[in-house]
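Those protein sequence lines, which keep their order, are chains Z and B.
Take 1 as the starting number for the first sequence in my numbering and just add one per residue.
Take 1001 as the starting number for the second sequence in my numbering and just add one per residue.
Quick caveat, the hints were computed from the structure, so don't treat them as lab data.
Here the structure is a predicted model, which is why all the values come from computation and not from measurement.
Where hints are given, some of them may not hold.
[Said to hold, decoys possible] Taking CB as the label site, the calculated pair distances span:
| no. | chain 1 | residue 1 | chain 2 | residue 2 | range |
| --- | --- | --- | --- | --- | --- |
| 1 | Z | 135 | B | 1057 | 50 to 56 Å |
| 2 | B | 1216 | Z | 280 | 23 to 29 Å |
| 3 | B | 1298 | Z | 171 | 35 to 41 Å |
| 4 | B | 1371 | Z | 127 | 25 to 31 Å |
| 5 | B | 1057 | Z | 137 | 55 to 61 Å |
| 6 | Z | 78 | B | 1191 | 51 to 57 Å |
| 7 | B | 1059 | Z | 171 | 54 to 60 Å |
| 8 | B | 1375 | Z | 69 | 45 to 51 Å |
| 9 | B | 1303 | Z | 69 | 54 to 60 Å |
| 10 | B | 1191 | Z | 280 | 21 to 27 Å |
| 11 | B | 1122 | Z | 264 | 55 to 61 Å |
| 12 | B | 1059 | Z | 248 | 31 to 37 Å |
| 13 | B | 1285 | Z | 248 | 45 to 51 Å |
| 14 | B | 1057 | Z | 248 | 28 to 34 Å |
[What the hints assert, rightly or not] Partner residues aside, some chain Z positions facing chain B, computed with beta carbon under 10 Å:
| no. | residue |
| --- | --- |
| 15 | 53 |
| 16 | 159 |
| 17 | 160 |
| 18 | 180 |
| 19 | 183 |
| 20 | 201 |
| 21 | 203 |
| 22 | 242 |
| 23 | 245 |
| 24 | 246 |
| 25 | 257 |
| 26 | 268 |
Quick reminder that beta carbons are idealized off the backbone N, C-alpha and C, glycines included.
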Amino acid sequence: MGDTTMGTDFEGWGARAGRLAARWGRTAWAGLLLASAAVAQGEVADRWGPNEPASTFGSRFDSLFWLITTLVSVSFLIVLVMLFLAVVRFRARPGSKAHYDRGNSLHDKRFTAVVSVTVFVVLDAWVLVIAMRDLREAHWKYPAADEPGVYEVEVLAQQWAWNFRTKGVDGEFGTADDIVTINELHIPEGRPIKFNLTSKDVIHSFFVPDMRVKRDLNPGAINMLWFQAAKTGTFDLFCAELCGYAHYMMGGEVYVLESDRFDAWEQEASRLAEIAYDAEDTEAHWAWDWKD
Amino acid sequence: MSKAPLLGVGTALLAVGLVSYANVGQEGHEAEAGHGEHAPASDESPHAHAPHAISLDVPEDTWLLAPGEEWFEQQAELHPGRFTHDDSLFDGEGGWVDSQGVYELRYDEDEDYYSYWQHVSAAQLTRGRRDFVQFCSSCHGFQGDGYGRSGQYLRPAPRSFKQSNFKFTKTTADLPSDAALMRLIQRGLQGTPMYPWDLSEEQLTDIIQYIKSLSPEESGWRDQFAEIGGIVESSPDPWSGRRDEAITKGEEIYHGKANCYLCHPGYVTVERMREIRGDADNVQYRDMLSYPALKESDYDVLGKRQMIMPPDFTWHQVRSGTTVQDLFETIASGIKGTAMPQWKNALKDEEIWALAYYVKSLIEGYKNEPGNRAAFMAGLRGE
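Based on the sequences and whatever the hints tell you, model everything.
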């Protein structure tokens, strides 16, 4: 007590922790209560992860996502625990003097090298191998041109909308019965869907999170993408590349219909397209030669 | 190893970069000033100049635009005493000045015709042009000619503001009032990239004045004979609480008196058509009765007359609102420049309301329920 005027005695670990706990305790409790209320509500908790994948290869993407999340979380925890132990073990206390360590002794260098190489080989290489395998076996494994049942879609993006063109019942692009839609795409379930993507003006990005696909659309180039829907439903489509003022409004819907309903839809849409077709309005005939 | 040579090279590069940057700025500025002499309504091709050379400044001091007789008289009535014949302010019949601008009544002796004018400042048009270029020009074009980079190939095509031809303005006059245009921009046109634009009223007012100034001379808002009006007035809904009755009545008018089925699909069997119309048993109707029929419009894109597909309400998205009120307004005012006439005085209001209820029932029952539509259509077509 007597030497307080000379500056405080070093505060013990326990005392400091107690003071911090008192200061932050109330906030922490409020946070915990809120979090448990959210979990109890259920609906909030359901939205913490992404939606169930709706494409055949979507679960690969999810496995990779969770693998990376787990590896990163575990590494982070290990680092935190080591940091915590170091802080406790080497804390300042009477009689122990601090010293400066450059950390460049042979021992330190060896330790750093071993940890780096291990982390790289075990974590990064692991993720890389799996990612490359998924790309090779799924995302980049485009259905062959002559594979039966492939459904082809031409996507022409613009500021700030999606133009879709499909072949219609005659099975050819650039004919009167091409089905042209804006911001809505109808596709069949259980058939590979192949896309040719390009843009009129700036770079856009075709992103259907439920299908776990995203691909840029570049003016002057045709990019490709494919997926196969594993379930029916309506899925959101977004532009994932900042493309100007109304980028935030540039969205659409992907309707996945079961096979029979899709065939009926396609037939009707084709017939209506034929009625609306104006052979002289050549500017509106923007189909291109399909690129495989 | 000395770092001096590296530093020297770096400095030199930086200097070259700065100088060329300054030069580019200079050129850009000159080009802009040089081009500024052109009025925005000039007939030049939008592709004649690189985009950086297009001036954002509207050069002339003031522009005379027609605000519409109806609006003018409303304002004069709302603020009595504002109208003045002060010769020092006005050459002609008179007008008034307020914070929004100068409004003037003119008299054309040759034509024995009074015309109503609004003086719009170049400053306001410049603001409008800047916003137009940012928000609208990608589709409607830098010159407002409806041929922007992102609007090409698009059908229905983006409007050209040089043709003074507007489809969904919901007015019975030739041209829409500012309020009608503002509502259109705020609501957008569903099923097209004309989205509901969330801009401030000030921005929209500036943009609207700018759009009006794009009318070629002696036409659109720069024509003294222009007839300008607000959104068509709707009487109170006479069918309120009697929805089913309205739908039945609407079906009869649709296939009978109003002949909607000539362009839009017929939604009843041939037998029911004959019954509604009181026709003999051997009367036939158009081919593919349950499909729409393509119609010509008064609108050109690159010199090509545009065809318009009348919507099948069980399939296509209607453009300007699906509430009964919206549908009433659309049917009553008609769709300008297309085969859809104005029904306001051709049918009683009560009948237009019934049609609106009927169309609404088609949208709700079949467009929004595609599963029901297939069965419904198969029934009509005997498939």
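Against the structure, the hints come out as follows:
1. One distance hint, 50 to 56 Å for the beta-carbon pair residue 135(Z) and residue 1057(B), holds here, with the actual separation near 52 Å.
2. Distance hint check: the CB atoms of residue 1216(B) and residue 280(Z) are about 25 Å apart, consistent with the given range 23 to 29 Å.
3. Between residue 1298(B) and residue 171(Z) the Cβ separation comes to about 36 Å, which falls inside the hinted range of 35 to 41 Å.
4. For residue 1371(B) paired with residue 127(Z), a C-beta distance near 44 Å fails the hint of 25 to 31 Å.
5. Range check, residue 1057(B) to residue 137(Z): about 58 Å between beta-carbon atoms, so the 55 to 61 Å window is met.
6. Judged by the Cβ atoms, the range 51 to 57 Å given for residue 78(Z) and residue 1191(B) holds: they are separated by roughly 54 Å.
7. Separated by about 55 Å at the C-beta atoms, residue 1059(B) and residue 171(Z) satisfy the suggested range of 54 to 60 Å.
8. Range check, residue 1375(B) to residue 69(Z): about 47 Å between beta-carbon atoms, so the 45 to 51 Å window is met.
9. Roughly 58 Å separates the CB atoms of residue 1303(B) and residue 69(Z), a value that falls within the hinted 54 to 60 Å.
10. Between residue 1191(B) and residue 280(Z) the Cβ separation comes to about 24 Å, which falls inside the hinted range of 21 to 27 Å.
11. Taking 55 to 61 Å as the suggested C-beta distance range, the pair residue 1122(B) and residue 264(Z) conforms, at roughly 58 Å.
12. Restraint check, residue 1059(B) to residue 248(Z): a C-beta distance of roughly 34 Å satisfies the suggested window 31 to 37 Å.
13. Restraint check, residue 1285(B) to residue 248(Z): a C-beta distance of roughly 47 Å satisfies the suggested window 45 to 51 Å.
14. Range check, residue 1057(B) to residue 248(Z): Cβ separation about 30 Å, and the 28 to 34 Å hint holds.
15. For residue 53(Z), the interface hint is violated, the least distance from its beta-carbon to any beta-carbon of chain B being 25 Å, above 10 Å.
16. Because the closest C-beta pair between residue 159(Z) and chain B is about 4 Å apart, less than 10 Å, the hint holds.
17. Here the hint on residue 160(Z) is kept, as its CB sits about 6 Å from the closest CB of chain B, short of 10 Å.
18. At about 8 Å, the closest approach between the beta carbon of residue 180(Z) and any beta carbon in chain B falls short of 10 Å, and the interface hint on this residue holds.
19. Checking residue 183(Z) against chain B by beta carbon gives a least distance of about 8 Å; that is within 10 Å, so the hint holds.
20. A distance limit of 10 Å between C-beta atoms decides the matter here; for residue 201(Z) the minimum to chain B is near 5 Å, and the interface restraint holds.
21. Given hint, residue 203(Z) at the interface with chain B, is violated; its Cβ is 13 Å from that chain's nearest Cβ, farther than 10 Å.
22. With a cut of 10 Å, the hint placing residue 242(Z) at the interface with chain B is violated, because the nearest CB-to-CB distance is about 14 Å.
23. Look at residue 245(Z): its Cβ gets to within about 6 Å of chain B, closer than 10 Å, so that hint holds up.
24. Residue-level restraint check for residue 246(Z) holds (minimum Cβ-Cβ distance to chain B is 6 Å; threshold 10 Å).
25. Checking residue 257(Z) against chain B by beta carbon gives a least distance of about 9 Å; that is within 10 Å, so the hint holds.
26. For the restraint placing residue 268(Z) at the interface with chain B, the shortest Cβ-Cβ distance is roughly 7 Å, inside the 10 Å limit, so the hint holds.
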